[in-house]
Amino acid sequence: MSYIENILSTSVSLLKGMKMTGYYFSHPKEIYTRQYPENRKTLKLPERFRAELTMPHDEFNRHRCSGCTACEIACPNGTIKVLTYMETTPDNKKKKRLDTFIYRLSMCTFCNLCVDSCPSDAIKFNQHFEHSVTERKQLTKVLNRQGSTVTDELK
Amino acid sequence: MIITALIIAISVITLFAVLGLVLVYMERKVAAFMQIRLGPMRVGPWGIAQTLADTVKLISKEDIIPNGADKFLFNLAPLMVTVIATLALAPLPFSDKWIIWDSNVGVFYVAAISSLTVISILTGGWASNNKYSLIGAMRSGAQIVSYELSVGLSLVAMVLLSGSLSFSDIVMTQQDAWWIFKGHLPAWIAFMVFIIASTAELNRNPFDLPEAESELTAGFHTEYSGMKFALFMLSEYINMFIVSAVAATLFLGGWMPLHFGQDNFFNHIMDYIPPLVWFAGKVFFIIFLIMWFRWTFPRLRIDQLLTLEWKYLLPISLINVLAAAWITVTGWHF
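Here the protein sequences line up with chains A and B, keeping their order. Under the numbering used here, the first sequence has 30 at position 30, and the numbering climbs by one with no breaks. Under the numbering used here, the second sequence has 252 at position 252, and the numbering climbs by one with no breaks.
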């Protein structure tokens with residue numbers, strides 16, 4: 001009896017599998033493939049997709065980086081280099097200021113550890129994923145803009 | 001006589017080329033849709049010229065013969081496999097008038113010829129001087145020797161019911177209904193056993209142990225490249241077509257339109273669809289079924305493969321032959 005039961009249960013389980021693939025075959029709406037260069041205008045990326053590190057600046061060309069180098073320490077493969085200088089404030093205190101924020105895209109694994117480690121939310125990932133360039137040095141980027149300063153609350 | 005032979009040769013070669021292109025494209029599209037993908041989309045609209053581009057690529061590829069290979073047998077194997085596939089095409093009726101060789105032992109002939117494929121696979125596998133090729137070839141041998149029995153026995157059951165070994169006679173016996181409808185349980189069981197066992201004979205998933213990409217790189221055709229590989233692949237698809245054509249002829253009436261009973265209104269409507277369309281429709285339905293198996297089921301282990309044949313399919317088809325004989329003797333079929 002177990003012989004026939006075995007045949008029947010096997011057939012049922014095989015038919016279940018065929019029902020699944022048959023459903024997908026007969027419902028082309030389920031297809032997940034998106035044709036990239038054609039759908040560039042309408043492309044929708046997942047919310048948590050990370051492509052390139054950026055440093056947002058406000059309308060007065062001010063960023064939120066205090067130059068603490070927490071991101072540089074957190075980075076597992078030396079993608080970030082933070083160059084700083086010391087500034088003397090009017091009340092005669094020495095404070096660290098961001099000079100240049102170097103980001104090497106060619107070494108980045110998009111792990112998000114730098115963003116997580118940042119105490120002042122100065123950096124974040126955007127979704128511009130078209131990274132191809134003709135020379136390797138173009139992948140090394142400076143994230144803070146020319147002549148930018150730190151926001152007042154971090155001074 | 002010579003002109004007839006030439007016309008037949010040209011049409012068979014054309015059929016081969018067209019089938020190769022269409023079936024490879026169909027396989028890739030069916031696979032893609034079953035896996036929620038789109039498949040080839042770039043060459044031509046919906047990628048219809050993809051297989052043509054692949055053929056051009058295969059023709060222009062370098063033809064490599066490995067060191068230490070037996071050159072003569074290495075070159076002979078892909079030729080042999082194609083010739084065998086061609087030979088098996090001869091007695092199949094494509095429509096009421098289209099048949100190359102109306103043999104009175106057609107079923108027997110196809111069964112005999114299609115089991116020769118294993119020799120070319122063994123030749124190719126051995127001549128490659130590669131352990132993966134040899135293992136794949138030996139597995140193919142074990143597999144075809146086992147599953148040939150079930151294929152043969154399910155053919156015997158259908159021959160018992162229809163009372164003829166000739167394909168065109170078998171089609172004519174299905175004028176009132178196809179065997180799958182009037183053969184009761186034995187025809188159903190024979191159909192299923194035939195489809196399972198011939199999938200195994202074709203070396204297709206879930207019985208693709210001779211190729212088994214994940215274990216043996218590509219099995220018996222690991223060392224083949226360019227056009228010789230293309231011949232192996234082409235003959236695999238031609239064999240699939242032949243198996244489907246045999247199944248369509250024996251169980252689904254071949255070119256015979258869907259008939260129920262004699263000479264009624266329904267039959268006359270069905271007769272308006274040409275026989276060739278009926279034949280092609282049935283063949284492609286069975287090809288689709290075999291593709292559906294391939295993209296649903298995982299590969300069996302070698303012990304599971306042999307268990308399935310010797311413990312399940314063979315006893316079942318032996319009993320099935322007995323049942324078919326009983327039905328034929330008592331005349332229970334319509």
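For the record, the hints were derived by calculation from the structure and aren't laboratory data. Backbone N, C-alpha and C fix where the C-beta goes; we use that ideal spot for every residue, glycine too. A portion of the hints provided could be inaccurate.
Stretch by stretch, here's where chain B covers chain A in the computed footprint (C-beta under 8 angstroms, at least three residues) [what the hints assert, rightly or not]:
1. 7-17
2. 50-59
3. 111-123
DEER-style ranges, computed between Cβ atoms [to be verified]:
4. N267(B) / M1(A): 38 to 48 angstroms
5. Q138(A) / F285(B): 50 to 60 angstroms
6. Q138(A) / L73(B): 33 to 43 angstroms
7. F284(B) / K19(A): 17 to 27 angstroms
8. T134(A) / L73(B): 50 to 60 angstroms
9. A9(B) / I31(A): 41 to 51 angstroms
10. I31(A) / A49(B): 12 to 22 angstroms
11. A9(B) / I4(A): 45 to 55 angstroms
12. Y36(A) / A49(B): 53 to 63 angstroms
13. G44(B) / F60(A): 32 to 42 angstroms
14. A49(B) / A51(A): 56 to 66 angstroms
15. L73(B) / Y36(A): 44 to 54 angstroms
16. A49(B) / T33(A): 26 to 36 angstroms
17. I4(A) / D176(B): 55 to 65 angstroms
To give an idea of the interface, some chain B residues facing chain A are shown, with a C-beta separation under 7 angstroms as derived from the structure [unchecked claim]:
18. F33
19. M34
20. I36
21. R37
22. L38
23. F284
24. T296
Hint-by-hint comparison with the structure:
1. Requiring three or more residues with a Cβ within less than 8 angstroms of a Cβ of chain B, the coverage given for the stretch 7-17 of chain A holds, as 3 such residues are present.
2. Coverage of the stretch 50-59 of chain A by chain B is violated. Counting CB-CB distances below 8 angstroms, 0 residues qualify, and the rule asks for three or more.
3. Chain B is given as covering the stretch 111-123 of chain A, and this is violated because 0 residues of the stretch bring a CB closer than 8 angstroms to a CB of that chain, at least three being needed.
4. The beta-carbon spacing between N267(B) and M1(A), approximately 44 angstroms, falls within the hinted interval of 38 to 48 angstroms.
5. Judged by the Cβ atoms, the range 50 to 60 angstroms given for Q138(A) and F285(B) holds: they are separated by roughly 56 angstroms.
6. A C-beta distance of roughly 56 angstroms is found between Q138(A) and L73(B), which places it outside the suggested range of 33 to 43 angstroms.
7. The given range of 17 to 27 angstroms is respected by F284(B) and K19(A), whose C-beta atoms sit roughly 21 angstroms from each other.
8. Taking 50 to 60 angstroms as the suggested C-beta distance range, the pair T134(A) and L73(B) conforms, at roughly 51 angstroms.
9. Separated by about 42 angstroms at the C-beta atoms, A9(B) and I31(A) satisfy the suggested range of 41 to 51 angstroms.
10. Evaluation of the 12 to 22 angstroms hint for I31(A) and A49(B) yields a pass: the beta carbon distance comes to about 21 angstroms.
11. Between A9(B) and I4(A) the beta carbon distance is about 50 angstroms. The supplied range of 45 to 55 angstroms therefore holds.
12. In this structure the hint that Y36(A) and A49(B) lie 53 to 63 angstroms apart at CB is violated, the actual value being about 21 angstroms.
13. Taking the beta carbon of each, G44(B) and F60(A) are about 55 angstroms apart, not inside 32 to 42 angstroms as hinted.
14. Between A49(B) and A51(A) the Cβ separation comes to about 34 angstroms, which falls outside the hinted range of 56 to 66 angstroms.
15. Between L73(B) and Y36(A), the C-beta spacing of about 47 angstroms keeps the proposed range 44 to 54 angstroms intact.
16. Hint check: A49(B) to T33(A), Cβ distance near 19 angstroms, so the stated range 26 to 36 angstroms is violated.
17. At about 33 angstroms, the CB distance of I4(A) to D176(B) disagrees with the hint of 55 to 65 angstroms.
18. The closest approach between the C-beta of F33(B) and any C-beta of chain A is roughly 5 angstroms, which is under the 7 angstroms cut-off, so the hint is satisfied.
19. Proximity of M34(B) to chain A holds as hinted, the smallest CB-CB distance being about 4 angstroms (cut-off 7 angstroms).
20. Nearest Cβ of chain A to the Cβ of I36(B): about 5 angstroms, under the 7 angstroms cut. The hint holds.
21. Given hint, R37(B) at the interface with chain A, holds; its Cβ is 5 angstroms from that chain's nearest Cβ, closer than 7 angstroms.
22. Interface hint at L38(B): satisfied, since its Cβ lies 4 angstroms from the closest Cβ of chain A, which is below the 7 angstroms cut-off.
23. For F284(B), the interface hint is violated, the least distance from its beta-carbon to any beta-carbon of chain A being 14 angstroms, above 7 angstroms.
24. The closest approach between the C-beta of T296(B) and any C-beta of chain A is roughly 5 angstroms, which is under the 7 angstroms cut-off, so the hint is satisfied.
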